[in-house]
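Protein chains: 2
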Amino acid sequence: MVLVRQEIGDVLRTHRLRRGQTLRQVAARASVALGYLSEVERGQKEVSSEILASVADALEVPLSVVMREVSDRVAAIEGIYLDDTYIPDTVPDAFVTEASLISR
Amino acid sequence: MVLVRQEIGDVLRTHRLRRGQTLRQVAARASVALGYLSEVERGQKEVSSEILASVADALEVPLSVVMREVSDRVAAIEGIYLDDTYIPDTVPDAFVTEASLISR
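Chains H and X supply the protein sequences, listed in that same order. In this text, residue positions in the first sequence follow numbering that gives the first Met the number 0: the first is 0, and each later residue adds one. In this text, residue positions in the second sequence follow numbering that gives the first Met the number 0: the first is 0, and each later residue adds one.
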């Protein structure tokens, strides 16, 4: 089972490290407890929507970017390629027939 | 402040209605309490990662698709266009100069 909190934690940690900041700095800026932020980053605690918005703000990254990266990570785990639309793992019958004619 | 739980709720409700299913049917299939699922859909309760995965499964929609739609909704609220990369809301100085020359 893919757990979203794990991916959220990884994304937040990646952004924090990219900025070269410590847990303490981000926790202070986002007004959250250091221990709590640490657990969130390790995927051990669910993050509330308010705190997620606050941490993204402290990291100066739009919340939509955080969520987009989360969805990309979940997609990679699920093995699904996401472009603009969800592509089902099926091939239309007509195409299969046509392809088999070409290969003859 | 953009609240992710509100967008998650909207996305789950949209998928449920698209399937023509009731809260009761989805709650039973996902093994969650009907009242809880109703609150999640209305953005009144945070959903745990386990239950989110379970509800997405009951709706037969990949979790990555749910998260992608959530990120798209958050982006729309934030007014950010997301393609593959995050485009900052700035214009290079060189471009501004060039544009002002053209307009003369």
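FYI, nobody ran anything at the bench for these hints, they're computed from the structure. Keep in mind that this is a model prediction, so the values were computed, not measured. Treat the hints with care, since some could be wrong.
Given that identical chains are not distinguished, each listed pair holds provided it fits within a single copy or across any two copies.
[Claimed, not checked] No farther apart than 25 angstroms at their CA atoms in a straight line, the calculated lysine to any residue pairs in the SDA-like style are these:
#1 Lys44 <-> Leu2
#2 Lys44 <-> Gln24
#3 Lys44 <-> Arg23
Now for the hints, and whether the structure bears them out:
no.: 1; hint: Lys44 <-> Leu2; verdict: both (11 angstroms within a copy, 18 angstroms between copies)
no.: 2; hint: Lys44 <-> Gln24; verdict: within (20 angstroms within a copy, 29 angstroms between copies)
no.: 3; hint: Lys44 <-> Arg23; verdict: within (17 angstroms within a copy, 28 angstroms between copies)
In this structure, none of the earlier numbered hints is contradicted; all agree with it.
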